[in-house]
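Q: Heads up: the sequence lines are chains A and Z, in that order.
As numbered in my numbering, residues 1 to 324 make up the first sequence, in order.
As numbered in my numbering, residues 1 to 326 make up the second sequence, in order.
Don't take every hint at face value.
[Stated by the list, open to error] The list that follows gives simulated cross-link-like pairs (lysine-lysine, BS3-like), each with its CA atoms no further than 30 Å apart: (1) 315(Z) to 139(A); (2) 93(A) to 168(Z); (3) 197(Z) to 315(Z); (4) 169(A) to 168(Z); (5) 306(A) to 295(A).
[To be verified] Sample of chain Z residues at the chain A side, in silico, Cβ under 7 Å: (6) 72; (7) 105; (8) 312.
[Said to hold, decoys possible] Here chain Z is said to cover these stretches of chain A; the calculated rule only asks that three of the stretch's residues, wherever they fall, bring their Cβ under 8 Å from a Cβ of chain Z: (9) 18-30; (10) 101-107; (11) 132-143; (12) 211-225; (13) 282-288.
It is worth saying that the hints were derived from the structure and are not from the lab.
These numbers were taken from a predicted model, which means no experiment stands behind them.
Virtual Cβ for every residue (Gly too), placed ideally from N, Cα, C.
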Amino acid sequence: MVELEEAISNEKLVELYREMVRVRLFDDKMGEFYARGLCPGTLHLSTGQEAVAVGVCANLTKEDLVTSTHRAHAHTIAKGTPMNVTAAEILGKVTGCCRGRGGTMHLSWPSEGMLYSSSIVGAGAPLAVGAGLSATLRKTNQVIASFFGDGAANTGGFHESLNLASIWKLPVIFVCENNLYAISVSAKRSTSVKDIAVRAKAYNMPGFVIDGNDVIEVYITARIAVERARKDEGPTLIEAKTYRHHGHYYGDPGTSYRTKEEVEEWKKRDPIIRHRKYLLERTIISEEQLNNIDKEVEAEVAEAEKFAIDSKFPGPEELERFVF
Amino acid sequence: MSTQREINMADALNEAMREEMRRDTAVILMGEDVGVLGGVYGVSKGLLDEFGSERVRDTPISEDGFVGAGIGAAITGLNPIVEIMYPDFLPCAMNQITNHMAKLRYMTGGQLTVSLTIRSAIIQGRGSGADHAQTLIPWFVQTPGLKVVVPSTPYDAKGLLKTAIRDKAPVMFFETAKLYLNKGLVPEDEYLIPFGKADIKREGTDLTIVAICNLVLEALEAAKELEKEGIKAEVVDPRTLVPLDKETIINSVKKTNRLVVVDNNPSACGVAAEIAAIVAEEAFDYLDGPIMRVATLQIPEPVAPTLIKLMLPNKEKIVAAAKKLL
Chain A
1 MVELEEAISN EKLVELYREM VRVRLFDDKM GEFYARGLCP GTLHLSTGQE AVAVGVCANL
61 TKEDLVTSTH RAHAHTIAKG TPMNVTAAEI LGKVTGCCRG RGGTMHLSWP SEGMLYSSSI
121 VGAGAPLAVG AGLSATLRKT NQVIASFFGD GAANTGGFHE SLNLASIWKL PVIFVCENNL
181 YAISVSAKRS TSVKDIAVRA KAYNMPGFVI DGNDVIEVYI TARIAVERAR KDEGPTLIEA
241 KTYRHHGHYY GDPGTSYRTK EEVEEWKKRD PIIRHRKYLL ERTIISEEQL NNIDKEVEAE
301 VAEAEKFAID SKFPGPEELE RFVF
Chain Z
1 MSTQREINMA DALNEAMREE MRRDTAVILM GEDVGVLGGV YGVSKGLLDE FGSERVRDTP
61 ISEDGFVGAG IGAAITGLNP IVEIMYPDFL PCAMNQITNH MAKLRYMTGG QLTVSLTIRS
121 AIIQGRGSGA DHAQTLIPWF VQTPGLKVVV PSTPYDAKGL LKTAIRDKAP VMFFETAKLY
181 LNKGLVPEDE YLIPFGKADI KREGTDLTIV AICNLVLEAL EAAKELEKEG IKAEVVDPRT
241 LVPLDKETII NSVKKTNRLV VVDNNPSACG VAAEIAAIVA EEAFDYLDGP IMRVATLQIP
301 EPVAPTLIKL MLPNKEKIVA AAKKLL
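Using the sequences and the accompanying hints, generate a full structural model.
A: Following this line, the structure appears as structure tokens:
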């Protein structure tokens, strides 16, 4: 692991920082949109979990594919979907990536490899298996990363998908973002094993339990899995332990089922602060340069905000398009 | 005019898949027992030998998983046919069908195309119990985004399955196992049957009988029975329920002024209910009597033959319904 860490270029380390800040500030803006009453439906933010999406996606090419969940913004942005079409979609605008039909939980931008986010817990994994089968049969050498939470690891679809990916040796990486709670239910009360990754053994594939708030560890582990997949060696299950700073949805303080101490403890392990410290301690980049990155991202978010706010809602001519 | 031969429906369906798999390497087949066994009714026999195990895949018993995989493959460039042995097993995959297969194109604003066909064989009336007896067709008709196909003859089955495989939209293709060995004329040359075109299986002037699947055959038998009494029944087979050829049904009713709708589903919110409602809305002035529905009873299907007979639509029930109108 140490060797692998040393092999990461400084440019990549800085890119990981920038990407996490992009996800964080984008989500912050979406929270603000919601508070202003601009978002139809509900909103699930990834604040605190950015390292998982960013560390995995940093290993993927544009052609590689991602399936995501109801908590979809991080994967969508990290996989390269422009912020403006993502923000517009979350507001239900016709300029959104799904023309205002998908919204926050159903983001898709296949041209950059963001295949689909399914809000049905556990339902994205079978889609990833099919995409993996397709990549294998069409000989495209694509890798598919399927993100899901700890709650999904108890669905039938998850287990069926791991089995299918294993028997068919598909290039799929199953990435469990274990944020310890399925809405309010602690994984301790819902899940038979302490580490979900041990379930990999039952499906004859490697399983890794990692610190999901350490972007470097996520990046290195995902790279091992991507290389395996790329060489037709089959699927991998990665369990990244992490934590959401918000509750399940925006506006849920998340403290009726979690202690304030626990939330505060995890906030101290904020992946962005941690990585920033790492970069500064190793003098990979100066504080001023980091602040400049933050400002650049703020400008990008502001541009996306303007685009989304200024965009129109779909008109009646859109209603029945694309039913078939 | 090409040469025709008499083949059964299972062979007609097999030809449809074989021809489409030869035409396009993106077409693959997945399902339980479709490979080595060639399907529990032999519908896919020989396909594994011709196309290999990459394209003809025996799956584990994981309907949710492999239907989802079929969708994932469809949205990334393949054109899968997924077989779910019996419609009773479709509920195991219903999440993927109703939330993904039907809706991904709409929900992504047209970015994704779900070119997937699900085939399933109805075994209603076989005496295998209530969980090996349903069609569940109305569930799919009520799910926006799915096309629904219900053939009754070998000719229709082949031409419609080829259209289904080529259609970019997701298609639910319902076969009827008891029709597999029924023979009919099928051209040697390639042909396709467009969706949304009903077929008048028998012309008549006194009443219209609309029926689907094997019940088309019961309706034709009923029409023969009625003819003995001088009643000329027209039998209309919609062939596809989504899209539905309303025009042919309504034109027939305008001619006959009487309608019996026969359905292999319970009457509540069923296929017959929908067709009856359309005719009531759009051709009310042409009706000389109430629209009669001959549907299954609203009960789970029992095993005892005596009870199955009471439960399912048949020739006698269709004749009785027709006579009430005349």
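Q: The structure should be examined with respect to each hint, and the outcome stated for every one.
A: Cross-check of the supplied hints:
1. This hinted pair does not check out: residue 315(Z) and residue 139(A) have alpha carbons roughly 53 Å apart, beyond 30 Å.
2. The hinted pair formed by residue 93(A) and residue 168(Z) meets the criterion: a straight-line CA distance of about 26 Å does not exceed 30 Å.
3. The suggested pairing of residue 197(Z) with residue 315(Z) holds, with an alpha-carbon distance near 25 Å, which does not exceed 30 Å.
4. For the given pair, residue 169(A) sits about 28 Å from residue 168(Z) by alpha-carbon distance, which is consistent with the 30 Å threshold.
5. Restraint check for residue 306(A) and residue 295(A): the C-alpha separation of about 16 Å stays at or below 30 Å, so the hint holds.
6. Among the interface hints, the one on residue 72(Z) holds; its C-beta lies about 2 Å from the nearest C-beta in chain A, closer than the 7 Å criterion.
7. With 7 Å as the threshold, the beta carbon of residue 105(Z) comes within range of chain A, its nearest partner Cβ sitting at about 5 Å, so the hint holds.
8. Of the supplied interface hints, the one on residue 312(Z) is violated, with its beta-carbon coming no nearer than about 32 Å to a beta-carbon of chain A, more than 7 Å.
9. Counting residues of the region 18-30 of chain A whose CB lies closer than 8 Å to any CB of chain Z gives 0, which falls below the minimum of 3, so the coverage claim is violated.
10. Evaluation of the coverage hint for the region 101-107 of chain A: fulfilled, as 3 residues show C-beta separations to chain Z shorter than 8 Å, against a requirement of three.
11. Only when three residues or more bring their CB closer than 8 Å to a CB of chain Z does the claim for the region 132-143 of chain A stand; here the count is 6, and the claim holds.
12. Only when three residues or more bring their CB closer than 8 Å to a CB of chain Z does the claim for the region 211-225 of chain A stand; here the count is 0, and the claim is violated.
13. Counting residues of the region 282-288 of chain A whose beta-carbon sits less than 8 Å from any beta-carbon of chain Z gives 0, not enough to reach three: the coverage restraint is violated.
The earlier numbered hints that this structure contradicts are 1, 8, 9, 12, 13.
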